[in-house]
Amino acid sequence: MPEDKKNIDKLFSDYLSRYKEKAPSDAWSKLDNELSGKPFPRKNYLFWAAASAAIIIIAFLSGYYFASMNSNNSEFIAQKETKEISKPILEENIKKEIAQTRITEDKELEVTEEIINNSVKKTSSKTTSLFIENKTPSIERKIIEPNILSLKKAKPISDFSSKSTNKIAFIKTKQPVFLPIDFVNINLALNSDKNINKSDKVKKRKSKIKVWDDDVLQKSPSNKWSIRGQFSPLLAYRELKKNSSSNDYVTGTNMSSQHYENVESQIASFSGGLDVNYKLNKRFEVQSGIYYSQNEQINTDVYAFSNNNDPWEFRTSNGNIKITSETIRKELTYKPTVKDSTTVFDVNIANFTNSEIKQKFEYIEVPLIVKYIIFDKKFGFQIFGGISPGFLVGNSAYFKNENTDINLGETDNINSVIYNSVIGLGLNYSLSKKICFNFDPTFKYSLSPINSRGDFKTYPYYFGFFTGFTYKF
Amino acid sequence: MNNIQIEKIIQGCISGKRKAQKNLYDLYSDDLFSVCLYYSKNRDEAEDILHEGFMKVFKNISTFKHKSSLFSWMKKIVINTALERYRKQYYLTPITDLSENIEDIERENVINHLSSKDLIKLIQELSPKYRMVFNMYAIEGYSHKEISKMLKISEGTSKSNLSRARGILQQKVRKYFYTEAKKA
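Heads up: the protein sequence lines correspond to chains A and B, in order. In the numbering used here, each number is its position in the first sequence, counted from 1, plus 699. In the numbering used here, each number is its position in the second sequence, counted from 1, plus 23.
There may be inaccurate statements among the hints.
To be verified - Part of the chain A face toward chain B, derived, beta carbon under 8 Å:
{"no.": "1", "residue": "I707"}
{"no.": "2", "residue": "F711"}
{"no.": "3", "residue": "Y714"}
{"no.": "4", "residue": "Y718"}
{"no.": "5", "residue": "K719"}
{"no.": "6", "residue": "P723"}
{"no.": "7", "residue": "W727"}
{"no.": "8", "residue": "K729"}
{"no.": "9", "residue": "L730"}
{"no.": "10", "residue": "E733"}
{"no.": "11", "residue": "L734"}
Hints in this document: simulated from the structure, not taken from any laboratory. Every residue gets a Cβ at the ideal spot worked out from N, C-alpha and C, and that includes glycine.
Construct the entire structure; sequences and hints are all you get.
If you want it as structure tokens, here you go:
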């Protein structure tokens, strides 16, 4: 194979090094012209490229224009109630009125109610001003052909409710007068030869005329922002760490972490929400949003405890749940209790067989994630990491056995905020230019415990397969 | 043409004499146009490169230090012009499918199955990024390090482009031989 490569190099090298082809006959005359200061008549690549582009654009705009003409659903910007008039009358009136209007230097042109009223044949006491940033004196305005580009960029503020397209809309002071976009537009032009030398300036300033509210749309970034909706069931569990400061809260029990591991299990955990992504550059993206996550835990070995005849409470690895339910209290009076002699305090313990305690914790999370983009084509792949503070919004506990299902209230000493660390892989597949499907295997580990007191501090962790769709702006 | 005559032409070009410029053009334009051909995708582009190259030569001939032959110096300028053009445009033409354009090779020019003109055509069919690296490495003898600097790409890219270019050319040549053998 290497020999083949050398052969191919040699073949081309040998042949081409001795190859000679006569230069084009007119090459010298072109050089001569350029050396003499005459322009070199280059191949008109640019011309043809521009011409091709122009043809495509014209074809596209023509299609758009005719589609708009045929549509009965043209949208116009309206904030005030207007009257419906016939299209030809409106067009004629507007043309007549606007053509007579002159723009004076550095002045806002007051388009009086008369102009508007004549156009729409309605009475109104309001004066609407057409705000024009123009320093060219005495420029006559005239109607030109519908400006499709302006039409495309025009930003509808609200839908015009009427079914007809023959509407005119008014914006308050410093807002433009909006005319029916599919057949009338306002343009500045110089009508006399003496103003020709200013035509360039006028052209440049034309863009400042706020006839259409297109400033906003012109600034829209391309594909930098995206919004995403995701959902995932969570494989959740927790790590129990012995609470070194539990002396201030003597539980009076010798429950080991192993005991809780055996009797407690996580159920029905899920998370979902919306996030916004901003692409910083080709490689990095930042993400934030709002997610709801829910984590439920079941304890199937239910004991009630009472220290020194204090009120009874259920104990879980996460914390204690005060028993305020009269039903359970009544039941406790009949239950045989034992005293745990291994503890410093007298502890009464009552066992509830065939029962379970369900704890539910709900969080609103605001993740702050940085993504590193490995590749971003039709199929995209990223790695990401960050933190996801979770704000406790729900804390509830339930007692359940074959006869009863009782809301116990809440688990004590649950922290109002936890800080999850997040790492994961981002996989996405572009369904279209704007939309892509994403699948993010994610691992979250809480850096802070969910509870502040108790024998153990609980650090939950989750595996999730977040699935959803991204919309790119 | 001896060195004295060439030196006379150089001095005339430095003085901006049109006759000297024409002499220089007549002397080397064919050789340089051939170089332009295998650094471009077609004759039109080659002509543009030749034109730009000669303009640079006329403008900078006073800087010629006689370290190499005048032709080598001019060839380097022409190649740099082609590279500059490539860097500016950096258009990526699709890799030509082997089934395409093979029939375009003029059969009457085939001498011993392949002529230089055919080889140029095969090179011109390459994607610019492959063409540039192949020409610089296989024909001009630049190292990957030099190519990477000149084209502002990594050495690895230079190597992989060369490898790809070789692969494509090998297939094209084989295909061409096969086609011609069948015809024969």
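Hint by hint, here is what the structure shows:
{"no.": "1", "hint": "I707", "verdict": "holds (5 Å)"}
{"no.": "2", "hint": "F711", "verdict": "holds (6 Å)"}
{"no.": "3", "hint": "Y714", "verdict": "holds (4 Å)"}
{"no.": "4", "hint": "Y718", "verdict": "holds (4 Å)"}
{"no.": "5", "hint": "K719", "verdict": "holds (5 Å)"}
{"no.": "6", "hint": "P723", "verdict": "holds (5 Å)"}
{"no.": "7", "hint": "W727", "verdict": "holds (6 Å)"}
{"no.": "8", "hint": "K729", "verdict": "holds (6 Å)"}
{"no.": "9", "hint": "L730", "verdict": "holds (6 Å)"}
{"no.": "10", "hint": "E733", "verdict": "holds (6 Å)"}
{"no.": "11", "hint": "L734", "verdict": "holds (7 Å)"}
Checked against the numbered hints listed earlier, the structure breaks none of them; every hint is satisfied.
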